[in-house]
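Each chain, written out:
2 protein chains.
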Amino acid sequence: MTTSKKSSPPPAQAADIEEGTAFAPKFDSDGLLPVVVTSAATGEVLMLAYMNEQALTRTLETGQAQFWSRSRKRLWRKGEKSGNTMRVVELRTDCDQDALWLSVEMGGAEACCHTGRRSCFYRVLPIGKGTAGVTLTFAEAERLFDPKTVYGHARAAKGTLKTQG
Amino acid sequence: MTTSKKSSPPPAQAADIEEGTAFAPKFDSDGLLPVVVTSAATGEVLMLAYMNEQALTRTLETGQAQFWSRSRKRLWRKGEKSGNTMRVVELRTDCDQDALWLSVEMGGAEACCHTGRRSCFYRVLPIGKGTAGVTLTFAEAERLFDPKTVYGHARAAKGTLKTQG
Chain A
1 MTTSKKSSPP
11 PAQAADIEEG
21 TAFAPKFDSD
31 GLLPVVVTSA
41 ATGEVLMLAY
51 MNEQALTRTL
61 ETGQAQFWSR
71 SRKRLWRKGE
81 KSGNTMRVVE
91 LRTDCDQDAL
101 WLSVEMGGAE
111 ACCHTGRRSC
121 FYRVLPIGKG
131 TAGVTLTFAE
141 AERLFDPKTV
151 YGHARAAKGT
161 LKTQG
Chain B
1 MTTSKKSSPP
11 PAQAADIEEG
21 TAFAPKFDSD
31 GLLPVVVTSA
41 ATGEVLMLAY
51 MNEQALTRTL
61 ETGQAQFWSR
71 SRKRLWRKGE
81 KSGNTMRVVE
91 LRTDCDQDAL
101 WLSVEMGGAE
111 ACCHTGRRSC
121 FYRVLPIGKG
131 TAGVTLTFAE
141 AERLFDPKTV
151 YGHARAAKGT
161 LKTQG
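These protein sequence lines are chains A and B, in that order.
When we follow our numbering, the leftmost residue of the first sequence carries the number 1, and every step to the right adds one.
When we follow our numbering, the leftmost residue of the second sequence carries the number 1, and every step to the right adds one.
Just so you know, these hints were derived from the structure itself, not from any lab.
Mixed in with the good hints there might be a few duds.
Intra- or inter-copy, both count: the list cannot distinguish identical chains.
[Claimed, not checked] DSS-like cross-link-like pairs, simulated, lysine-lysine; straight-line CA separation at most 30 Å: (1) Lys129 with Lys148; (2) Lys26 with Lys129; (3) Lys26 with Lys73.
Bear in mind the structure is a predicted one, so any value in this text is a computation, not a measurement.
Just chain A, same shape as in the assembly (with noise of 0.2 Å):
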C-alpha cells in the first residue's frame, strides 16, 4: 500500500486474533459488538448490551460506559438520564475478539436495568421441564427506582419499589 488512504488492514489470521495482543474488534454486520456488563462489587452479571465503534472508543477514552441504543438508534451513555452511570473497572475481549466483558461500578441508585432493577436478568427459566408453557420465576423483582419519575414512562408494577411509601 504506497497510499495515505484510510484502508481496513488484511484479514488477521486466527492465531494472531486468539494469542497476539493487537486490539482487533471484529463488529457484526451491523457494526456491533455485544458487551457482557457485571458489576464489579458482586459479579452479577447486570446487562448485555451493544457498542458500535464509536461507543468502544468513547468508554476506552472516558473509562465511563457508552453503549449503541439499537432501539434508539443513537449512542447512549449509559445513566445520561437516569444517574446509573458505569465507571469501567476492567474491559476485556474474547478469543476471537467478537465480545466484550465490562466489568463496572454503578452510580445512582446502582440499578442497571430500564424497569429499575439492579440487573436486567431478574426472570428464571424451569430446567429440566421442556419448554411448551414456560413459567418464569421472578428472582429480583424489588425496583431500586420508579421508572416512571426516572423515564416519565409506566410500567406494570410487578415489582415493588424499594423507597415505595
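Once you've looked at the hints, dock chain B against the given chain A.
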C-alpha cells in the same frame, strides 16, 4: 384466526414481555439469542455463545448446555469433543427477553475456551489511553488443556500449558 395453521402469536406488549411470567424469547434475524455463560462456582464470565430455538429447547430439557455454532453452522453440545461439558445451574432471561444468562458447573478440565483456557475473556484492554494501537494484556495465559491434542489443530503457544511437563 380460525384456521389451525401454525402461526406466530400476536406481538406481545412491552409490559407483558418485561413484567410477565410467560417466556417469549426474541430471537434475532438469524434465529439466535446471545447467551452469557458464567461459572456458578466463581461467577466469572466464561464465554458469550448463541442458542437457536433447538439448542434452547435441548438445554431446557436436558440441563446440559447446548449452543448453535455460528462458525460450524450446527448444533453444538458444549464439551462433546473436549469433555468440558456444562451442567446448567441456573438460566435467566433479561427484561426484553432477547438475551440469556446461563450459570454453569463445568466438567472435564473446566476449561471453557477452545484455546484451552478457563474463560474466553483472557485479555484486558487499557482504559484512558484512547484506541490507537491498543495493546492487550494477558490476564489469564494458562491453558488447562492442549487444543492440539483435543481438537487436532495447533494454536500459537502464547500461554503455558498447565499439564506441560
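Here's how the hints hold up against the structure:
| no. | hint | result |
| --- | --- | --- |
| 1 | Lys129 with Lys148 | neither (36 Å within a copy, 38 Å between copies) |
| 2 | Lys26 with Lys129 | between (37 Å within a copy, 20 Å between copies) |
| 3 | Lys26 with Lys73 | both (20 Å within a copy, 18 Å between copies) |
When held up to the earlier numbered hints, the structure conflicts with hint 1 and nothing else.
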